[in-house]
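Novice: What follows is the residue order along each chain.
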Amino acid sequence: MLKKLGYLAVLVGALAAPMFLYPVLLMKILCFALFACAFNLLIGFTGLLSFGHAAFFGGASYIAGHALKVWGVPTELGLLLGVIFAALMGLLVGKLAIRRQGIYFTMITMALSQMLFFVFLQAPFTGGEDGLQSIPRGTLLGSIDLKNDLTMYYVVLGIVIASFLLIVRIIHSPFGQVLKAVKENEPRAISLGYDTDRYKLLAFVLSAALAGLAGSTKAVVLGFGTLTDVHWSMSGLVVLMTLVGGMGTLLGPVVGAIIIIALENKLGDFGTWLATITHIEWFNTIGESVTMVTGFIFIMCVLAFRRGIIGELAARIR
Amino acid sequence: MTKALEIKHLQAWYGESHILHDVNFSVEQGEVVTLLGRNGAGRTTTLRAILGLTGRREGSVKINGVEAIAMATHRIAHLGIGYCPEERAIFSSLSAEENLMLPPTLKPGGMSVEQIYEMFPNLSERRHSQGTRLSGGEQQMLAVARILRTGAKLLLLDEISEGLAPVIVQALARMILSLKSQGYTIVMVEQNFRFAAPLADRFYVMEHGQIVEQFAAAELASKTAVLNELLGV
Amino acid sequence: MELFGIPMSALLGQLLLGLVNGSFYAMLSLGLAVIFGLLNVINFAHGALYMMGAFLAWMGLNYFGINYWVMLIVAPILVGLFGIIIEKTMLQWLYRLDHLYGLLLTFGITLMLEGIFRSFYGVSGQPFSVPSQLSGATDLGFMILPNYRAWVVFASIVVCLMTWFVIEKTRLGAYLRAGTENPKMVEAFGINVPLMVTLTYGFGVALAGFAGVLAAPVLQVSPLMGSNLIIVVFAVVVIGGMGSILGSILTGLGLGVIEGLTKVFYPELSATVVFIIMAIVLLIRPAGLFGREK
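Protein chains in written order, with my numbering: chain A, 1 to 318; chain B, 319 to 551; chain C, 552 to 845.
If we strip away everything but chain A, and leave its shape as in the complex, we get (with noise of 0.2 Å):
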């Protein structure tokens, strides 16, 4: 019962947000909730961290970027393009990783996506160092107007909801209890019969394509597309949005995102702030210091807040 106050509460508050917030915050707000929350299906409920999902994200959103501001296709159809690169692009790294366990995997998912980072550095297209810019919005279906940011709000929220609901879906069906024992409990679920590589494999394929949808609306939201969203740090943001908001839980991406961008934006402002109750000036310049703050956190949550706010939540619930 809880829960479900819990999510109409927190649809409410999408749905008026934007009369509070600049909608073009909260589009990116959104975005980066789908980034995480495709992230967190191959973490948190198949148990496989991938170092590398910005290949996915940033590179979506090259491909949706360039499909729209120069071969001008229809909105949707941009960001279905997006969508069938990511999704190729986790067939072709998913194959690969697969091939080793455990850390391994991960140490192949980075190595693979800085692989690709060259390649969109190197690509004339990307713009290199300059980025993708001037992207239009386009019109949805032909006939929604999507330069309006309240209009192209709701339709990213809807989006994401609809994203959100696909996870939802997987996680309870069939397939994603598979991927839950793959999780928990590898050799047993290999020993029960399944092909584990396969169903590994399907998650993160479908991560990936999920990562790239939330690139692409990205691209199309902010109208631009750079090297960061490629770059290996983009990949540490994202482990980091989840786990800070809970690795595993359904919502805790979605606020793992939130307090992370809140952060970025009002970095320089908490720096100020600390600076003139400390009198250290060296706090003034730490809103230029996103990583350090982000490295910090990351001590932190791994040190002593592993469950995250979602997962602290409800291990205190229970």
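Note that these hints are calculated values from the structure, not bench results.
As the structure is a computational prediction, the values presented were derived from the model and not from experiment.
Using N, Cα and C, we set each Cβ at its ideal position, and we do this for glycine too.
Only true hints are included.
Simulated crosslink set (DSSO-like; lysine-lysine; CA at most 30 Å straight-line):
id	chain 1	residue 1	chain 2	residue 2
1	B	K498	C	K735
2	B	K326	C	K735
3	C	K735	B	K321
4	A	K3	A	K183
5	C	K735	B	K380
6	B	K425	B	K380
7	B	K326	B	K541
8	C	K720	B	K425
9	C	K735	C	K720
10	A	K180	A	K95
11	A	K95	A	K183
12	C	K735	B	K425
13	C	K735	A	K183
14	B	K380	B	K321
15	A	K28	A	K3
16	B	K425	B	K498
17	A	K266	A	K147
18	C	K814	A	K95
Over the 12 Å line for every Cβ pair with chain C, so calculated as not near, a few chain A residues:
id	residue
19	M1
20	G13
21	L15
22	L21
23	L88
24	Q133
25	S143
26	L146
27	N148
28	Y154
29	G158
30	S173
31	E312
32	A314
33	R316
34	R318
In silico negatives: residues of chain A with every beta carbon more than 12 Å from chain C:
id	residue
35	L2
36	V10
37	L141
38	L157
39	L166
40	I170
Since chain A is already given, all that's left is putting chains B and C on it; use the hints.
Specialist: Just chains B and C, lined up with the frame of chain A:
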């Protein structure tokens, strides 16, 4: 004289599993004691608990009078204990000789390398082979030999006769009697009753993590019925 | 004299540069493998600690006037001590958990270290001049050999071989090898394994710090120098497998050379060639070239 080993109300866990439920026994200096019991009774866990290799422990474990229940494993070893685990634990990344030389000297009076190679000539021949390339019997010899080097006088031996040819088992029995005559104190876990019977001074029988029966060697004949029931021997 | 259209001297120059990079790959992957073997942790912070070594050398020179040769000894020791602090205060609590937490912690440490150095020094590189004893080049006839680069390769190989010797041929190394296989048993023999773990981590990162000092005059001393390197080192480790010390060394050097040659013949591919090789190795020999499936 201080007992070599005095265990009172010992409890031990592996994670959440509560394996030992109030184990009590003692071993005098120079005695050979055998822990009997079915698989899963807690005999190996008892040896591991003495060394602090299990999870949480409670109760009292006194080694030569020193309370060791809260000590770290490497400090417990320095009280003069040699441990020969059931799985032998020969290191594959070391040669036979490196395996032999690995355990540091814990107390003076340990056997020298020459004495060991005299007692176990096979090990001398195979000294440069990779540890795990030795035969089962040789690995068992090696596992015992390496703790004889350390000067430890309290030996914990877990199923050393397991899976070995009768000839080797006899050699091991002779070795144990020899060690006993030199004043070593030995706690043996053994399934092979026929191996243990002529060697031990006293017997303890374990079941469900507790000692359920104990008797001296002299009483052995009168206890066969009880043993049959408890061990299915 | 030309080979495939490239002047021989240019080719050999690139080869040397490839060996230089390969030396860093070798030292870093060696430290990573030793740490992983005993601690079961992938030390993402290896790159940041390499950077720290370089920065300490730079700071020693620019703030205290301490020369390169002293810093070559001092910086790795300081990095090693810092590593010991990391292990004792943070890492040791994670051994009971899934490996991934060790990676996440060291990733967080990397971000913090890089963030702190960036806040003080920005992202551009600080110059570090080659020590006077090694400046200039020697004319070998078939090529001009920059002295410092030759020194880097020489020093790296010496240090790597010394490490190999200690691990494979000494009693201390036997403790490490046995501890990697069965730490509880080694502890049951009376060896203070927790202390060995701490010192091993310290040693592994000291190696990274040493590489950093060597790198300072070659690459620019920048807060980002570590992270650019560490992911390639991961690929090196996957390619080589972590089963053997010599394997890690050879793989590191070999990949450095291949990368160098690629820069000459196919420059566009040079940033990604190591990853491509990794993909190929994964397809035909997943355990790595020298690996033993763990």
